[in-house]
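Participant: Chain by chain, the residues run as shown.
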Amino acid sequence: MAVLAPPRERPIEEGGQAGRSLWQEARRRLLRNRAALAALILLALVALLALLAPWLSPHAYDEVYWDRIAAPPDFANAHWFGTDGNGRDLFVRTLYGARVSLAVGIVATFVSLVIGVSWGAIAGYFGGRVDALMMRTVDVLYSLPFMFFVIVLVVVFGRNILLVFLALGAVEWLTMARIVRGQTLSIKRKEFVEAARAAGVRPLAIVRRHVVPNLSGPVVVYVTLTVPHVILVESFLSFLGLGVQEPLTSWGVLIAEGAGQMESAPWMLIFPASFLAVTLFCFNFLGDGLRDALDPKDR
Amino acid sequence: MLGYALRRLLGSLPTLLAIVTLAFFMMRLAPGGPFTLDRSLPPAIEKNLLAAYRLDQPLWRQYLDYLAGLLRGDLGPSFKYQDFTVAELIATGFPASLKVGGLALLVAVFVGVGLGTLAALRRNGRLDHAVMALAMVGIAVPNFVMAPILALLFGVHLAWLPVGGWGDGGLRNLVLPVTALALPQIAYIARLTRGAMIEELHRDHVRTARAKGLGERIVVVRHTLRGGLLPVVSYLGPATAGLVTGSVVIETIFAIPGIGRYFVQGALNRDYTLVMGVVIFYAVLIILLNLLVDLLYCVLDPKVKHD
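Protein chains in written order, with our numbering: chain A, 24 to 322; chain B, 795 to 1101.
Here chain B stands alone, though its shape is the one from the complex:
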């Protein structure tokens, strides 16, 4: 297993290099540099600025410098937030993003699996139809629509929760963003779980367990859930990617000081280094999480052997 993990890590290095290269050259292809303003700078100042950010070097030189910086964990200086490096900005934004995203993932898995299992057990019953209708809503209504509606309902009309803002990052500020972020994933996971559980409940070993006279709870928890969880585990990779993407919108709507908001602002301000840094950071995160998911998969399913 350890060998497999190491091999996978090594295997993801080319992917990472591809991402960095693509991001770097795309940024440099951009018409207009980061210091192209409405009024042009005096040539001497412009020259100094370009030299300070090493933009006067040949392109291959800049690329190698950037790669060397990456190895040291240095993502370069931000072009717009002066006096901050990109790494510092990401470090300030990450705790809030992690809190919202991590909670949303937990909520999505537990609620999604719970609802999907209940729906499978009451197949074609009223509860099943209700859960599937809810799942359809979760899939069809995007989170940037769901988030304002939730804020309108619980923040403005009922005034139970704050409409936005972070405060001290307490529960009150977390409920709405986490819900809005988790809903689409809950929907997918509930659908996946329901399908897998229905299939699993028809297996021979489940019938044997029932025939032995085991209680329904034990049959479900001990004999069915393990198989029913497999598709959910393999969906966790895409789910994380979805959460990361969704967090960009959710952080903007609820004014959460996370990475996603830096990313949007960086994109609107043409802060190339910041945007690139965030892309690389998320790419690493997604690659690592995918690896984790694959490892989890072989723990759950003894049929999958990686060595």
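Next comes chain A alone, as it looks inside the complex:
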């Protein structure tokens, strides 16, 4: 039945207008939104800096300069952001922090996406008792103080960065599941799903091949809003000393160190904090922009 795999809906022609897909239209609108465009460019810049971190500075992220402990920004020695309390270059450490924070954000969001989409799509497609049971579970989990469970998990199983990824992803999927379920409920009444069913495709295959590929807009928007949230939670954990471990670092660790010495060495707080704030800002603006771009209401 491979012939019957039409997924991506394309409004080919509407009222004689030249055919433009939902996504082309959305991209055009997103790029016209100046705040969202600026956010996108800034995020690309941060990501690029993070990727290129080892080649952008003569210093290594764990190299200690005993004669330059907590030194202020200094261009002669290429310490653009100064050094930290252990005499390590803060510029490189901030960028390595960006690597960790962005990686956690992306991986944990991906985990939440996988769990949330499968859970929501199955609940929505099968409906009835399955749906009631699955969504009731989500409701129960919703009322747990989850942040505390993440902390408990990290305490119990030791500080393992992989665990942080998984724990955060496992916490963040609830809202995604709700959104996806709502979307699925409307998709499963579409003709192509009916056609697939009539052709005898098995239910799970329908969910996988016909429902999931069509869950577009709200999921994309929610993903861009989940990433900053995950980054925030990871920084929160690291700030409390429960996240990433030395000599590796993340923005939360750097901010915690900076906060401890902000009277004598304010740059140690200011640089990582502004990187974190700018990144969170940009993701939020991008999310807002995407929502406007994908919202068919003001077309």
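Just so you know, these hints were derived from the structure itself, not from any lab.
Ideal Cβ placement from N, Cα and C applies to all residues, glycine included.
Treat the hints loosely; a few may be bogus.
SDA-like, lysine to any residue: derived pairs with alpha carbons at most 25 Å apart [stated by the list, open to error]:
| no. | chain 1 | residue 1 | chain 2 | residue 2 |
| --- | --- | --- | --- | --- |
| 1 | B | Lys874 | A | Met170 |
| 2 | B | Lys874 | A | Leu176 |
| 3 | B | Lys893 | B | Gly1036 |
| 4 | B | Lys841 | B | Lys874 |
| 5 | B | Lys1006 | B | Gly1021 |
| 6 | B | Lys874 | B | Phe1075 |
| 7 | B | Lys874 | A | Leu263 |
| 8 | B | Lys874 | B | Ile839 |
| 9 | B | Lys893 | B | Leu1085 |
| 10 | B | Lys841 | B | Met820 |
| 11 | B | Lys893 | A | Leu263 |
| 12 | A | Lys213 | A | Met157 |
| 13 | B | Lys874 | A | Val177 |
| 14 | B | Lys841 | B | Met821 |
| 15 | A | Lys213 | A | Gly150 |
| 16 | B | Lys893 | B | Gly958 |
| 17 | B | Lys874 | A | Phe180 |
| 18 | B | Lys841 | A | Val179 |
| 19 | B | Lys1006 | B | Leu912 |
| 20 | A | Lys213 | A | Leu136 |
| 21 | B | Lys893 | A | Met170 |
| 22 | B | Lys893 | B | Asn1084 |
| 23 | B | Lys893 | B | Leu1082 |
| 24 | B | Lys874 | A | Gly264 |
| 25 | B | Lys1006 | B | Arg916 |
| 26 | B | Lys1006 | B | Ile992 |
| 27 | B | Lys874 | B | Gly863 |
| 28 | B | Lys874 | A | Val179 |
| 29 | B | Lys874 | A | Phe172 |
| 30 | B | Lys893 | B | Gly908 |
| 31 | B | Lys893 | B | Leu1083 |
| 32 | B | Lys841 | B | Gln851 |
| 33 | B | Lys874 | B | Trp960 |
Examples of chain B residues toward chain A, derived with CB under 8 Å [what the hints assert, rightly or not]:
| no. | residue |
| --- | --- |
| 34 | Met820 |
| 35 | Leu823 |
| 36 | Pro942 |
| 37 | Val950 |
| 38 | Val1043 |
| 39 | Ala1061 |
| 40 | Arg1064 |
For chain A, the structure is supplied; the task is to place chain B on it using the hints.
Facilitator: Using the frame of chain A, we list chain B on its own:
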């Protein structure tokens, strides 16, 4: 209404049991017990210690004991703060946490609703843009960044307020932590209020009220605010959860002797019973507050009927 409240309370029992069970078994899965030290204890002492804390019993037995203790309000002894029970520690920490958290909630609701309403009334004006920019800052700058910056500015440079500490828990010690804790929530609430108020201001009954020649103040306070407050009320549940989580950081930064600080120290010390006790305590608190919010919702919105 009373029936609904009772039914909801009963309905939250399974949730609570799930939380307790999850917390209990997660703690017991932990590699290394609470008395695993760098140097090993003599076997006799270790045996006595384990017996004293009943850790030598089979797991299901410990679980049932813990549940039975919970019914009596007994959360067990703390493993690290010797001679203290977890319930005692929570009782000593709660007043400070309640003071900071409760004040932050009040500040967040009043300031947030106030700013959101003003922004809605001056839609697209300068004030509106200023409030929305402020809200964006509040959402993007986490409280563990905001708190040190506030302390640096008002505590160190201007020296108006103490950088941290609790003192007698007076106003001077409260201003900074409450502000830092409330800011993100103010931001969310202001955004929610603004959206809801803009929608509400376009309703027919508001136009009728205006057409009757009522003053702007009465139109806003009596005819619009009630509808505009609904999303804020339904946000109060998540807001409380956010405040509780935030208090962990804020209490650590400002050295406030509250539950949040015990929790962090307990987590770093692997004081399992303490961590578990705090999780259960907060879970109960959040469940009760959510119930309260739902009840408040049906008082405000006559369309919602629970019976």
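Participant: Does each hint hold? Answer for all of them.
Facilitator: Now the hints, each set against the structure:
1. Lys874/B with Met170/A: Since the Cα atoms of Lys874/B and Met170/A sit roughly 23 Å apart, the hinted pair holds (cutoff 25 Å).
2. Lys874/B with Leu176/A: 19 Å, holds
3. Lys893/B with Gly1036/B: Roughly 16 Å separates the two Cα atoms, so the pair holds.
4. Lys841/B with Lys874/B: 18 Å, holds
5. Lys1006/B with Gly1021/B: Since the Cα atoms of Lys1006/B and Gly1021/B sit roughly 20 Å apart, the hinted pair holds (cutoff 25 Å).
6. Lys874/B with Phe1075/B: 19 Å, holds
7. Lys874/B with Leu263/A: 19 Å, holds
8. Lys874/B with Ile839/B: Holds, at about 17 Å.
9. Lys893/B with Leu1085/B: 21 Å, holds
10. Lys841/B with Met820/B: 23 Å, holds
11. Lys893/B with Leu263/A: 22 Å, holds
12. Lys213/A with Met157/A: The hint holds at about 23 Å.
13. Lys874/B with Val177/A: 19 Å, holds
14. Lys841/B with Met821/B: Within the cut-off at roughly 20 Å; holds.
15. Lys213/A with Gly150/A: Between Lys213/A and Gly150/A the Cα gap is close to 16 Å, so the pair holds against 25 Å.
16. Lys893/B with Gly958/B: Measuring from Cα to Cα gives roughly 15 Å; hence the hint holds.
17. Lys874/B with Phe180/A: 19 Å, holds
18. Lys841/B with Val179/A: Satisfied, since the Cα-Cα distance of roughly 23 Å is no more than 25 Å.
19. Lys1006/B with Leu912/B: 23 Å, holds
20. Lys213/A with Leu136/A: 23 Å, holds
21. Lys893/B with Met170/A: Measuring from Cα to Cα gives roughly 21 Å; hence the hint holds.
22. Lys893/B with Asn1084/B: 19 Å, holds
23. Lys893/B with Leu1082/B: Holds, at roughly 18 Å.
24. Lys874/B with Gly264/A: 19 Å, holds
25. Lys1006/B with Arg916/B: 22 Å, holds
26. Lys1006/B with Ile992/B: 20 Å, holds
27. Lys874/B with Gly863/B: 19 Å, holds
28. Lys874/B with Val179/A: This hinted pair holds, its Cα atoms lying about 16 Å apart.
29. Lys874/B with Phe172/A: With Cα atoms ~20 Å apart, Lys874/B and Phe172/A stay inside 25 Å; holds.
30. Lys893/B with Gly908/B: 22 Å, holds
31. Lys893/B with Leu1083/B: 16 Å, holds
32. Lys841/B with Gln851/B: 12 Å, holds
33. Lys874/B with Trp960/B: 23 Å, holds
34. Met820: 6 Å, holds
35. Leu823: Given a least distance of 6 Å, the restraint on Leu823/B holds.
36. Pro942: Hint on Pro942/B: holds, closest Cβ of chain A at ~4 Å, below 8 Å.
37. Val950: For Val950/B, the interface hint holds, since the closest Cβ of chain A sits about 5 Å away, which is under 8 Å.
38. Val1043: OK, holds: Val1043/B within 8 Å of chain A, min 7 Å.
39. Ala1061: Hint holds; Ala1061/B Cβ to chain A Cβ min 5 Å, cut 8 Å.
40. Arg1064: Constraint on Arg1064/B satisfied, holds at 6 Å.
When held up to the earlier numbered hints, the structure conflicts with none and fits them all.
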